[in-house]
Amino acid sequence: MGMTITEKILAKSAKRKSVTTGENVWLNVDVLMTHDVCGPPTISIWKKEFGEKAKIWDKNKLVIFPDHYIFTKNSHANRNVDILRRFAEEQNLPNYYDAGTERYKGVCHIALAEEGYNVPGTVLFGTDSHTCTSGAFGMFATGVGNTDAAFILGTGKIWEKIPETMKFTFNGIMPSYLTAKDLILQILGDIGTDGATYRAMEFDGGAISSLSMYERMTLTNMAIEAGGMNGIIAVDETTKKYLDETGVSDYEIFKSDTDATYHSKFTYDVSKLEPLVAKPHSPDNRDTVRNVQGTKLTKCYIGSCTGGKITDFRYAANLLFGKKVKATTFIVPASTAIAKQLEEEAINGISLKEIFEKAGCIIAESSCAACLGGPSDTIGRSTDGDVVISTTNRNFPGRMGSKSSQVYLASPLTVAASAINGVITDPREYL
Amino acid sequence: MEKKIIGKAYILGDNIDTDQIIPAEHLVYSTSDPEELKKYGHYALSSVPIEKAGLPEGGNQFIVGDNYQSEYSVVIGGSNFGCGSSREHAPLALQTAGVKVVIAESYARIFYRNSVDGGFVIPYESQSKLNDKIKTGDVIEVDVVANKITNQTDGRSYQLNPLGDVFEIVEAGGLFAFARTAGMIS
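These protein sequence lines are chains A and G, in that order.
The working numbering numbers the first residue of the first sequence as 1 and each following residue consecutively.
The working numbering numbers the first residue of the second sequence as 1 and each following residue consecutively.
Same shape as in the complex, but just chain A:
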């Protein structure tokens, strides 16, 4: 019987010929990623269990990106970065990207791609639920907690239940007014925030093939919003080109067998979809932008691992070119590399950064920033009574700060169009 791409990668990691959905296996982990929020407690559990003087299982396989609470005066948050720095010194870690230095990269999930840690066919665990983002590279990637991460730090192994796979096929040619964000909001509205719990979400079809790697990462990134264990897209020429550019050459390509067994299959024609939002307070509270058009906004936010990639800013800059925003708008590039690209890329000779500045946007430094609220001095954090439209991933009560704020999730096109009008706006008005 055939296997899905996820089953094949997990079988390889478990050193098995095949695996059966529902069984628990011990996996050999290729890369463990952590950051400043979950790294310190992971390190403390690891030290308690393995001893103060222990060495981690493989220093080349641990990657640490401080990224959550970086630009804050909060002394406890600063202390967490100090703990990471000390640990990196103690363990002589080659893959630590310290805050406040040239090595600082920004949001971990994007930095993993940019720094060449996303390797097709491998298994990546991270202490962050959006670790599933890396699945866009034909690999298995998922989030775990601190205890599991500490166990990996000591042993290089972790147990996992082999997931059933749900397949989502997007056919057709992507219309100019749609982005990957609209596709994943469509799925979330269809299956709900627990529609893929403990399952793999596999994406394919002509519309997916046409997406850039950054756009594909928007899809796999939000697999967790449906409860998915992982999101995954098979390697194609677009993947190979990106890998080539980031210096990744040694990898194994897996594809799902045609006779693989799926939990369920969903097929969409992208020409029939339209711009969507997730209304407060859940990512599956889907509606069309048309239906909520005119909702008055206090803040617009373009940023995070989900919606702060160069492709998101290209979409936004095209709409904001020569316009002024009517609601406070934050531009938060996910990575320092993307921040640099904003200065280098131009439309009609004007850099994306300048387009945003001239439109009246506030440009922040690369980090997770207000996507998850953060310490009280975090830029863009929502306050009581705020109505926010955001390219981020979650709008649960209090997620972006105040629990009395309302957050709409949308594509960068929809957020940019809404910023121009100060009310929720269908991007087709400006395309």
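You may find that some hints are simply not true.
[What the hints assert, rightly or not] Which bits of chain G does chain A cover? Going by a derived footprint, with three or more residues having C-beta under 8 Å, they are:
no., stretch
1, 2-8
2, 12-23
3, 63-71
4, 78-85
5, 126-134
6, 151-161
[Unchecked claim] Capping the alpha-carbon separation at 20 Å, the derived lysine to aspartate or glutamate pairs in DMTMM-like fashion look like this:
no., chain 1, residue 1, chain 2, residue 2
7, A, Lys-161, G, Glu-35
8, A, Lys-48, G, Glu-125
9, A, Lys-48, G, Glu-141
10, A, Lys-61, A, Asp-250
11, A, Lys-55, A, Glu-90
12, A, Lys-157, G, Asp-165
13, A, Lys-15, A, Glu-52
14, A, Lys-161, G, Glu-125
15, A, Lys-73, G, Glu-36
16, A, Lys-48, G, Glu-36
17, A, Lys-47, G, Glu-36
18, G, Lys-148, G, Asp-138
19, A, Lys-47, G, Glu-171
20, G, Lys-148, G, Asp-165
21, A, Lys-241, A, Glu-114
22, G, Lys-3, G, Asp-132
23, G, Lys-135, G, Asp-33
24, A, Lys-55, A, Asp-30
25, A, Lys-265, A, Glu-343
26, A, Lys-59, A, Glu-23
27, A, Lys-340, A, Glu-365
28, A, Lys-157, G, Glu-168
29, G, Lys-52, A, Asp-384
30, A, Lys-167, A, Asp-269
31, A, Lys-358, A, Glu-343
32, A, Lys-240, A, Glu-114
33, A, Lys-161, G, Asp-165
34, G, Lys-8, G, Glu-105
35, A, Lys-279, G, Asp-165
36, G, Lys-4, G, Asp-132
Simulated from the structure, these hints should not be mistaken for lab results.
Treat the numbers as computed from the prediction; the structure is a model and nothing was measured.
Glycine residues also receive a C-beta, built at the ideal position from the N, C-alpha and C atoms.
Given the coordinates of chain A, work out where chain G should sit on it, guided by the hints.
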């Protein structure tokens, strides 16, 4: 592992995400310093909208005043409990506040794993919807051997799904204790 747990129930709705369990702004505190750890208990469930806090009436603060421990030790939710971020601080916060058992119709994967592998709380699945049958403040007896709960306030009993594959980890008290018992680590 305690075989019998008796405590007051705190009732929540569906899709209780980890931001509601412990808001991200508090994740800066040390999890190993005993004094700072109390902050996690103090802020446990602090982002649940007040009208949904302690159903059916709502308006029941999980933590009162400056305390870090709650009078409720059995949390009963609906479906998809613990969805959202991977923060292990979520089951840790519940444990620090004095919660021993969570009972929900279903769980998000990472919260479930964290509860089991970290040995924080026992994540039981109910066989039917219970958050509309039990009220906040009812006294609940959880029988971890028979996988059954009894509402001592109204005398009704409900069966829970056995813990299955993870029972051994729960019984050992977490992943590390389990791995030592199994001879995987020294």
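Evaluation of the provided hints:
Check result for the stretch 2-8 of chain G against chain A: violated, 0 residues qualifying (beta carbon to beta carbon below 8 Å, three or more required). Requiring three or more residues with a Cβ within less than 8 Å of a Cβ of chain A, the coverage given for the stretch 12-23 of chain G holds, as 5 such residues are present. A count of 0 residues in the stretch 63-71 of chain G with a Cβ less than 8 Å from any Cβ of chain A is obtained; the coverage claim is therefore unmet, three being the minimum. Using a Cβ-Cβ cut-off of 8 Å, 5 residues of the stretch 78-85 of chain G lie near chain A, which meets the minimum of three, so the contact claim holds.
For the stretch 126-134 of chain G, the assignment as covered by chain A is violated, since 0 residues bring a beta-carbon within under 8 Å of that chain's beta-carbons and 3 are needed. Chain A is given as covering the stretch 151-161 of chain G, and this is violated because 0 residues of the stretch bring a CB closer than 8 Å to a CB of that chain, at least three being needed. Restraint check for Lys-161 (chain A) and Glu-35 (chain G): not satisfied, since their Cα atoms lie roughly 36 Å apart, outside the 20 Å limit. For the proposed pair Lys-48 (chain A) and Glu-125 (chain G), the alpha carbon gap of about 31 Å is over 20 Å, so the pair is violated.
Distance restraint check for Lys-48 (chain A) and Glu-141 (chain G): the Cα-Cα separation of roughly 33 Å exceeds the 20 Å cut-off, and the hinted pair is therefore not satisfied. At roughly 16 Å between alpha-carbon atoms, Lys-61 (chain A) and Asp-250 (chain A) fall within 20 Å of each other, so this suggested pair holds. For the suggested pair Lys-55 (chain A) and Glu-90 (chain A), the alpha carbons sit about 9 Å apart, so the restraint of at most 20 Å is met. Restraint check: the Cα-Cα separation between Lys-157 (chain A) and Asp-165 (chain G) comes to about 18 Å, which is no more than 20 Å; the hinted pair holds.
Taking the CA atoms of Lys-15 (chain A) and Glu-52 (chain A), the gap is about 31 Å. The hint is violated against a cut of 20 Å. At most 20 Å may separate the alpha-carbon atoms for a hinted pair to count; Lys-161 (chain A) and Glu-125 (chain G) meet this at roughly 17 Å. Proposed proximity of Lys-73 (chain A) and Glu-36 (chain G) is supported: the alpha carbons are some 18 Å apart, at most 20 Å. With a C-alpha separation of about 17 Å, the suggested pair Lys-48 (chain A) and Glu-36 (chain G) falls inside the 20 Å cut-off, and the hint holds.
For a cut-off of 20 Å, the pair hint linking Lys-47 (chain A) to Glu-36 (chain G) stands: about 19 Å separates their Cα positions. Between Lys-148 (chain G) and Asp-138 (chain G) the alpha-carbon distance is near 16 Å, which keeps this suggested pair within the 20 Å criterion. About 23 Å separates the Cα atoms of Lys-47 (chain A) and Glu-171 (chain G), which puts this hinted pair outside 20 Å; it is violated. For the suggested pair Lys-148 (chain G) and Asp-165 (chain G), the alpha carbons sit about 18 Å apart, so the restraint of at most 20 Å is met.
Between the alpha carbons of Lys-241 (chain A) and Glu-114 (chain A) the distance comes to roughly 13 Å, so the proposed pair stays at or under 20 Å and holds. A C-alpha spacing of about 26 Å is found between Lys-3 (chain G) and Asp-132 (chain G), which places the hinted pair above 20 Å, so the restraint is violated. With a C-alpha separation of about 35 Å, the suggested pair Lys-135 (chain G) and Asp-33 (chain G) falls outside the 20 Å cut-off, and the hint is violated. At most 20 Å may separate the alpha-carbon atoms for a hinted pair to count; Lys-55 (chain A) and Asp-30 (chain A) meet this at roughly 17 Å.
With a C-alpha separation of about 42 Å, the suggested pairing of Lys-265 (chain A) with Glu-343 (chain A) is violated against the 20 Å cut-off. Between Lys-59 (chain A) and Glu-23 (chain A) the CA atoms are separated by roughly 30 Å; this puts the pair beyond 20 Å, and the hint is violated. Simply put, Lys-340 (chain A) and Glu-365 (chain A) have alpha-carbon atoms about 11 Å apart, close enough for the 20 Å limit, and the pair holds. For the hint pairing Lys-157 (chain A) with Glu-168 (chain G), the CA-to-CA distance comes to about 18 Å; that is within 20 Å, so the pair holds.
Pair hint Lys-52 (chain G) plus Asp-384 (chain A) holds up; C-alpha atoms about 18 Å apart against a cutoff of 20 Å. Taking the CA atoms of Lys-167 (chain A) and Asp-269 (chain A), the gap is near 14 Å; set against the 20 Å cutoff, the hint holds. Proximity of Lys-358 (chain A) to Glu-343 (chain A) is assessed by CA-CA distance (about 13 Å); at most 20 Å being required, the pair is judged to hold. Between the alpha carbons of Lys-240 (chain A) and Glu-114 (chain A) the distance comes to roughly 14 Å, so the proposed pair stays at or under 20 Å and holds.
With a C-alpha separation of about 10 Å, the suggested pair Lys-161 (chain A) and Asp-165 (chain G) falls inside the 20 Å cut-off, and the hint holds. The hinted pair formed by Lys-8 (chain G) and Glu-105 (chain G) meets the criterion: a straight-line CA distance of about 19 Å does not exceed 20 Å. At most 20 Å may separate the alpha-carbon atoms for a hinted pair to count; Lys-279 (chain A) and Asp-165 (chain G) exceed this at roughly 37 Å. In summary, the hint linking Lys-4 (chain G) to Asp-132 (chain G) is not supported, as the alpha carbons are separated by about 23 Å, beyond the 20 Å threshold.
Of the numbered hints listed earlier, those contradicted by the structure are 1, 3, 5, 6, 7, 8, 9, 13, 19, 22, 23, 25, 26, 35 and 36.
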